[in-house]
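Each chain, written out:
2 protein chains.
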Amino acid sequence: MIKSSLIEPDGGTLVDLIVPESQRYSKMTEIESMAKVNLTRIDMEWVHVISEGWASPLRGFMRESEYLQSLHFNCLRMEDGSVVNMSLPIVLAIDDETKGRIGSSLHVALVGPLGDCVAILRSIEIYKHHNKEERIARTWGTTAPGLPYVDEVITPSGDWLIGGDLEVLKPIKYSDGLDNYRLSPKQLRKEFESRKADAVFAFQLRNPVHNGHALLMNDTRKRLLEMGYKNPILLLHPLGGFTKADDVPLDVRMEQHSKVLEDGVLDPETTIVAIFPSPMHYAGPTEVQWHAKARINAGANFYIVGRDPAGMAHPTEKRDLYDPDHGKKVLTMAPGLHKLNILPFKVAAYDNRENKMAFFDPSRAKDFLFISGTKMRAYAKNGENPPNGFMCPSGWKVLVEYYQSSQAQEASQ
Amino acid sequence: MIKSSLIEPDGGTLVDLIVPESQRYSKMTEIESMAKVNLTRIDMEWVHVISEGWASPLRGFMRESEYLQSLHFNCLRMEDGSVVNMSLPIVLAIDDETKGRIGSSLHVALVGPLGDCVAILRSIEIYKHHNKEERIARTWGTTAPGLPYVDEVITPSGDWLIGGDLEVLKPIKYSDGLDNYRLSPKQLRKEFESRKADAVFAFQLRNPVHNGHALLMNDTRKRLLEMGYKNPILLLHPLGGFTKADDVPLDVRMEQHSKVLEDGVLDPETTIVAIFPSPMHYAGPTEVQWHAKARINAGANFYIVGRDPAGMAHPTEKRDLYDPDHGKKVLTMAPGLHKLNILPFKVAAYDNRENKMAFFDPSRAKDFLFISGTKMRAYAKNGENPPNGFMCPSGWKVLVEYYQSSQAQEASQ
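Heads up: the protein sequence lines correspond to chains Y and C, in order. Here the first sequence is numbered in our numbering, starting from 82 and rising by one per residue. Here the second sequence is numbered in our numbering, starting from 82 and rising by one per residue.
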């Protein structure tokens with residue numbers, strides 16, 4: 082009964098590309114003679130993402146047909162005619178020299194940043210990555226300089242893309258003290274089952290949790306109970322891959338999230354905190370589809386979406402890069418996402434009359450204070466306190482300590 | 082029997098938005114009290130396109146939901162869950178002043194460039210057109226300055242888009258001596274039926290027809306006969322709307338096409354020449370889907386696609402704007418186009434050994450001369466003859482006369 086309430090993974094079966102331990106040795110031997118392709122830290126994040134099935138039914142880095150479909154249609158047509166959402170190109174770039182070294186090889190070995198072989202890419206296809214401008218324009222809807230993922234990943238990358246089927250030698254680990262939070266879609270599905278969840282609602286974030294977030298997560302739970310679900314479970318799912326330099330680092334955010342649960346702002350009994358290993362694109366309506374799609378594969382059947390998801394300020398103009406409403410609109414219309422229930426949420430803000438975070442009431446707009454991520458960071462940097470009730474005190478302390486120690490570090494350099 | 086061989090229009094029924102003559106008077110009276118929206122020449126081309134059902138099942142200028150789906154997914158999901166291709170935003174822009182004048186009206190009147198009311202737009206929706214950068218990036222895959230449709234249409238356009246259901250008072254005419262070539266999808270379907278076509282293969286072009294084109298059209302016919310079709314009909318379908326300044330004008334092209342048929346390079350018995358009224362975007366893989374989709378609505382079940390369809394040179398870099406192979410690849414993968422048979426064609430070039438246009442044979446590459454549109458125009462401008470057999474002499478004469486008279490005009494100014 083309960084099992085059937087978990088949403089099916091895209092394509093019906095959850096992809097799992099991690100080689101069974103019994104085969105590892107023979108694969109290692111096979112790898113020795115293969116041409117080697119070096120991975121960056123962010124390439125490794127994608128290996129992690131693909132290997133655990135977040136991008137199911139994708140079984141490796143995209144070949145050209147998948148790349149073009151992703152760029153033009155944000156979805157892939159499968160052989161049986163079904164359509165799955167796939168809004169971001171999940172690709173591996175190589176340079177001329179690596180391409181030359183690969184020659185006519187059918188398979189290559191992928192080498193992590195520490196020099197160890199982490200995976201095999203089988204039945205490879207190498208195709209052009211010359212027109213980066215087009216990739217950027219179609220993914221971000223702008224080619225303005227200063228897009229974090231473009232600067233970090235695409236601009237320095239090689240002129241070729243290599244696709245193929247991935248076999249990962251062992252689960253990807255980071256040894257940063259947070260690996261126990263890195264639950265795979267398979268592990269999450271097990272956890273939901275063992276908790277007897279009859280609804281799973283996912284909340285994607287890359288910022289500290291304030292009481293406005295908590296309000297809407299708790300409100301969502303209330304709504305689900307009203308809809309007749311008996312045991313809705315919240316997947317609080319911070320993004321763990323690449324983020325831009327001025328975002329709060331993952332370890333600080335995880336500590337802050339722990340405090341929020343310890344303080345009882347969110348109920349640990351009905352909340353699972355785990356890390357979503359994807360790197361961040363800041364590609365707004367295009368990226369929010371990826372965020373939602375990956376959570377389908379982890380078993381979520383409800384997805385909370387707010388104002389301007391995965392958005393940021395325009396890097397060169399004084400405006401938001403995306404219309405703040407487009408994200409949720411595009412999400413509700415996106416091919417392949419119709420089995421997911423999209424929950425657009427009301428805007429929360431600080432209510433100066435009630436001294437707490439509350440849903441914005443336009444009839445008394447002047448009572449409300451909007452505290453953006455930038456404003457929150459400014460408070461923490463300056464050691465100022467935000468209005469009482471904005472965030473639980475122990476969570477706020479984590480942020481203040483982080484900013485003070487990073488300022489101390491800067492000052493000592 | 083023959084009827085069933087014509088492909089169904091998208092959405093099942095061909096849209097026809099031209100008001101029956103019996104209702105025209107009452108509509109004219111109704112219009113008097115409506116807020117007026119002025120159309121540019123190119124807006125009128127879109128009114129023409131929509132009114133005749135080329136964009137079926139679209140019944141008017143796009144509302145926001147259609148606009149966003151077109152931008153992000155190149156297709157629309159219909160209420161019954163089916164998907165139709167819709168790769169270009171078909172939208173009507175208005176400025177602040179017009180928006181103010183419309184106020185809370187439900188319906189507006191559309192006024193042509195000559196000042197006459199041409200249509201009603203019903204149940205309107207006005208939404209933002211502020212982020213033109215995003216529209217351009219997602220449609221063209223670049224935001225480089227110098228894209229012809231952007232410069233002509235988008236950059237000067239207002240900051241709002243107005244969508245709604247279109248009712249056109251009477252068929253759009255141009256009175257340029259070419260209206261008899263402007264067959265609607267309905268008229269084309271009738272013509273195919275009356276010719277007892279059991280296959281219709283469409284050839285989109287915006288250039289003069291040379292013997293390389295003719296070779297592949299005749300070759301396609303041969304292939305269709307070999308496939309068992311008894312009476313394949315060619316729809317030679319030059320684009321008649323906006324084109325960039327250095328393209329050959331429509332009237333000259335139509336005269337050139339007539340000569341090609343008079344000379345018997347193409348067989349008039351199995352060819353229909355008609356004008357496709359759409360404006361040109363030069364948006365490569367995105368636009369070629371529109372070109373193909375519109376021909377489904379006209380009844381074509383085969384679509385010929387060549388190298389770099391709807392492409393052009395990058396406006397600021399020394400390269401093609403698009404990978405020349407992407408157009409046909411994207412076309413074969415595009416949502417909603419699977420009922421159309423895509424016929425990628427072999428490249429034709431001038432064979433110096435045989436002194437004729439022939440399919441390029443890579444085993445003796447050096448025998449072949451590639452004559453681009455630019456090179457062809459240069460020959461004609463300089464009064465030089467292209468190699469014998471490149472184009473039928475009477476067709477060539479039309480081009481030479483056009484370029485000589487336009488040079489004479491320039492000289493006299």
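Keep in mind that the hints were calculated from the coordinates and are not lab data. A hint or two may mislead.
With a cut-off of at most 20 Å between alpha-carbon atoms, the simulated DMTMM-like pairs for lysine to aspartate or glutamate come out as follows [as the list claims (entries may be wrong)]:
| # | chain 1 | residue 1 | chain 2 | residue 2 |
| --- | --- | --- | --- | --- |
| 1 | C | LYS209 | Y | GLU206 |
| 2 | Y | LYS213 | C | GLU206 |
| 3 | Y | LYS213 | C | GLU160 |
| 4 | Y | LYS209 | C | ASP389 |
| 5 | C | LYS213 | Y | ASP232 |
| 6 | Y | LYS456 | Y | GLU350 |
The following residues of chain Y were derived to be distant from chain C, with all beta-carbon distances above 12 Å [stated by the list, open to error]:
| # | residue |
| --- | --- |
| 7 | THR110 |
| 8 | ARG400 |
| 9 | ALA489 |
Yeah, the Cβ is synthetic: ideal placement off N, Cα and C, and Gly gets one too.
Would you list, in rising numerical order, the hints stated earlier that this structure does not obey? 1, 2, 3, 5, 6 and 8
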